[in-house]
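Chains as they are written, first to last, in the working numbering: chain L, 1 to 465; chain W, 1 to 177.
Among the hints, erroneous ones may be present.
Derived SDA-like pairs (lysine to any residue); straight-line CA-CA distance at most 20 Å [said to hold, decoys possible]:
1) W:28 to L:439
2) L:128 to L:114
3) W:39 to L:465
4) L:403 to W:24
5) W:28 to L:440
Which residues of chain L face chain W? A few of them, derived with a C-beta cut under 7 Å, are [what the hints assert, rightly or not]:
6) 439
7) 456
8) 465
No lab work stands behind these hints: they were computed from the structure.
All figures in this text were calculated on a predicted structure; none of them were measured in a lab.
All residues carry an ideal CB built from backbone N, CA and C; glycine is no exception.
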Amino acid sequence: TRSKHTAMPKQRWSPLSCIPTATLAQHSGLLVPEPPDDEVETLVTPPNVQLRIPLALPIITEGSTKSSDTVVDDDKNNNHAANDHDEYSDMYEDRDDNLTLIVTTHRLVFIYKQPQPQPSSSSKSNNKARSMDLSLLQRAQTSGSSYFKSPKIILTTESYGEVLLVFPDSRMRDQTLTKIDLSLRRKAWERQQQQQPQNKQQTPKGSGSRPSQTGSGSVGVAAIIARNKRRNEEAKALSKSAFGDFEGLLQRARDVQRVIEKYSATLDKDKQKNSSNNNSDYDSSTEDEIKLTNMLRGMGMATNAVTKSSAGSTSMYHEQLARQLADFLSRSGALQSSGGIMTLVDVYCLYNRARGTNLISPDDLLSVVELLQTLQLGMSKRKFPSGVVVIQADDHDDELMAKKLRELSLNNGGVTALFASQHFKINLILATELLLAAERLEYLCRDSTLESLMFFPNRFFLDGW
Amino acid sequence: MGDSFDYPEFYSFPPFFTIQPVAATREKQLSLWRDLILKYHTSKRISILVVHECPLWENSEISRSLSKDDLDIVMADFVKSGHGEWEDQSLKTRCRILWRRPEAFASDIYQWADSNGYINSVCTLYELHSGEDVNGTSFEGADEELLRRAIGILEGQGKAKLFKGETSSEDGVKFFR
Numbered sequence: 001t002r003s004k005h006t007a008m009p010k011q012r013w014s015p016l017s018c019i020p021t022a023t024l025a026q027h028s029g030l031l032v033p034e035p036p037d038d039e040v041e042t043l044v045t046p047p048n049v050q051l052r053i054p055l056a057l058p059i060i061t062e063g064s065t066k067s068s069d070t071v072v073d074d075d076k077n078n079n080h081a082a083n084d085h086d087e088y089s090d091m092y093e094d095r096d097d098n099l100t101l102i103v104t105t106h107r108l109v110f111i112y113k114q115p116q117p118q119p120s121s122s123s124k125s126n127n128k129a130r131s132m133d134l135s136l137l138q139r140a141q142t143s144g145s146s147y148f149k150s151p152k153i154i155l156t157t158e159s160y161g162e163v164l165l166v167f168p169d170s171r172m173r174d175q176t177l178t179k180i181d182l183s184l185r186r187k188a189w190e191r192q193q194q195q196q197p198q199n200k201q202q203t204p205k206g207s208g209s210r211p212s213q214t215g216s217g218s219v220g221v222a223a224i225i226a227r228n229k230r231r232n233e234e235a236k237a238l239s240k241s242a243f244g245d246f247e248g249l250l251q252r253a254r255d256v257q258r259v260i261e262k263y264s265a266t267l268d269k270d271k272q273k274n275s276s277n278n279n280s281d282y283d284s285s286t287e288d289e290i291k292l293t294n295m296l297r298g299m300g301m302a303t304n305a306v307t308k309s310s311a312g313s314t315s316m317y318h319e320q321l322a323r324q325l326a327d328f329l330s331r332s333g334a335l336q337s338s339g340g341i342m343t344l345v346d347v348y349c350l351y352n353r354a355r356g357t358n359l360i361s362p363d364d365l366l367s368v369v370e371l372l373q374t375l376q377l378g379m380s381k382r383k384f385p386s387g388v389v390v391i392q393a394d395d396h397d398d399e400l401m402a403k404k405l406r407e408l409s410l411n412n413g414g415v416t417a418l419f420a421s422q423h424f425k426i427n428l429i430l431a432t433e434l435l436l437a438a439e440r441l442e443y444l445c446r447d448s449t450l451e452s453l454m455f456f457p458n459r460f461f462l463d464g465w
Numbered sequence: 001m002g003d004s005f006d007y008p009e010f011y012s013f014p015p016f017f018t019i020q021p022v023a024a025t026r027e028k029q030l031s032l033w034r035d036l037i038l039k040y041h042t043s044k045r046i047s048i049l050v051v052h053e054c055p056l057w058e059n060s061e062i063s064r065s066l067s068k069d070d071l072d073i074v075m076a077d078f079v080k081s082g083h084g085e086w087e088d089q090s091l092k093t094r095c096r097i098l099w100r101r102p103e104a105f106a107s108d109i110y111q112w113a114d115s116n117g118y119i120n121s122v123c124t125l126y127e128l129h130s131g132e133d134v135n136g137t138s139f140e141g142a143d144e145e146l147l148r149r150a151i152g153i154l155e156g157q158g159k160a161k162l163f164k165g166e167t168s169s170e171d172g173v174k175f176f177r
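Excised from the complex, chain L in its bound form (with noise of 0.2 Å):
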C-alpha cells in the first residue's frame, strides 16, 4: 500500500509477531499445557477474534534489526503519521483477525492459521499459536460498546500497553471476561512460584493434600498453613459462586429449551410454506436453525427439535470433542493395541471411563466420528457392509490383515471369528468383520456347516485346480 521498496524485503509485522509462541500438539492440534502442566483450559471461543496492540513502539520478538520512533495514531485509522520514510511502520498492522481464543488459567492463548498456497479449511497442520501470560495483566476490562462499534475487552499490561480482544457479540465478549476474571482472581502461576522454590512434586489441583515441611526458599510452617487456609477458602467460596450459577443455568437452560421448541416448530411452519415457494429466506432461517443447535450443543443439550439440516454442520464443540479422541486414542495406544481398529462401542465406553466425569452422549460420539477425517486426525470413520461401525487408524491396511488372517487359518485349519479374536485380541465382533473382509479380498473362503462359520485359505485360486 503505501510501502516504498528497498533491499529489505517484505514482511507482516501485528500483535501476533509481539507476542511469544504457543506450542501445539502436532497430531491432534491441542494446546500443549506449559509445565509444570497444571494449566486447565477454561474456554475456547469460535475462531473469530481480534486481537489489537496499538502501540507506541512496536516490539517484535522475530529478529528484526530495525526500530521506529513514529508514533502511532488511535487505533481507529491505520494512519501512521510523522516519519514516512520508514518502511517499518509502514509494515506494522495493529490488529490479527479471525483467531479462536483459548483462556486458560495461566494464559490466553491465540490459535491462527499460516497462510499457504493451497489452503485447506480445517487442517490442523495449518494452525499456529501464540500466548501472552495472564500474569503481565494488571487489568481486564469491557469497553462501553455502542451499537456501532463491536463489543471490546481491554487489558491493561506493563509490556505492550493496551491490548484489545475484539468480539463480534457481546454475549461472548462477556463469556469471556468472566473466564479471564476467574483466572486472574486464581492467580494460579503465584502458586508455582511459591511452589518450586521448595523443589518436590507439584501438589494436584483441588487434592487439599498438604505440602511437606522442609523447603530452602519457604519462610516457615507457618507460611504454608496460611497458604493452605488461603486455598481452602478461595475453593469454598469458589464453589459456591460456581454452583450458584449453575443453579441459575439450569433453570435458564430449561426457559430457553422452550423456546427453542416454540421457534423450532414456527420454522417448521415456515420452512413448509417457503419450500414450495423456493423462498431465499428458506437459506437464513437454516442457518439459525444451525446457530441455535449448535448453542444447545455446547452447553450439553443434545435436542432433536431441529431438523436434518443443522446435522449436517459442524460446531466449535464437536471439532474440539474429535480432536481430545482422537488424542486420547493414539496416546493410550488403545487403537494401536486392537489392531488399529476399534468399534464404536469399544471406544465410547473406553473413552468416558477415562473422562470419569463430563461424559459424552452417545450422540455427540455420533457426530464426532463424523468430523475424524475431515479434521485429518490420523485416524476416520468405517462402515463396513453388514453396518458395524468402527474407527480405524489411518495406516491400517486391510491386505495386511487379510495375510495375516490367512497365515491363521493355514496353521490351524481354518479359523472361527472366536479364534481369530481370541489370538488377535480383539472384539469378537471386529473379529468377524475383518474375516468377511478377508474374504473379499479373496484371500479367504468360507465353510458353512450346521455348527460353525469357519475360514479357509482360499485354495480355489492358490493351488491350480
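Please build the complex by placing chain W on the supplied structure of chain L, with the hints as guidance.
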C-alpha cells in the same frame, strides 16, 4: 468311496461344499463342480444325472454335503453352461449330460468321417458310438439321442442324411461333401 472314480483334490476341501458368496471365488468353484460332474458321468458312462441319486453331493470322509439350496445353484449353473439339459423342465429331477455340445459333436463327427473315408458312404448309429473306428473320439460311447441331435445339425448343413434301419441302432448316416 466304494466306487473306482478318482476324486480330485478339491473334493476333500470343506469349503467346496459351501457355495461361496464372493463372486470371483464362486465362479471358480462352480467351474470345478461342472468339471467334476462331467468327468464323473463320463467315466461311469452315465448319460442321465438323476439328482437325488447322485453320490457327488456328499463327501462323508470330511462330513460335508451340499445343502438343498446350494445344490440347486450347482445344477442351475450346470444346465446354464450348456453341459446339461433337463429331461423334465418343471420337476428338474433328471438331467441329460451333454459333455459336448451337439454342435461340437457335429463337427467332430464330420471331421472323423472325412479323415476316415466315410464321405459318400454310410455307417450305422451303433458304429458311431461303439465301433472300432471311433476309438478315442469325443463321441465314443455317446448317448444316441445326442448323436441324433448332432446328425440333425449336419443335415441342416447339408453334410449328412439319416436313414431309417430295422432297429433304431441300425439307423444309418450318409455323409456328403
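Open item on the list: If you test the structure against every hint from before, which numbers come out violated?
Closed with: none
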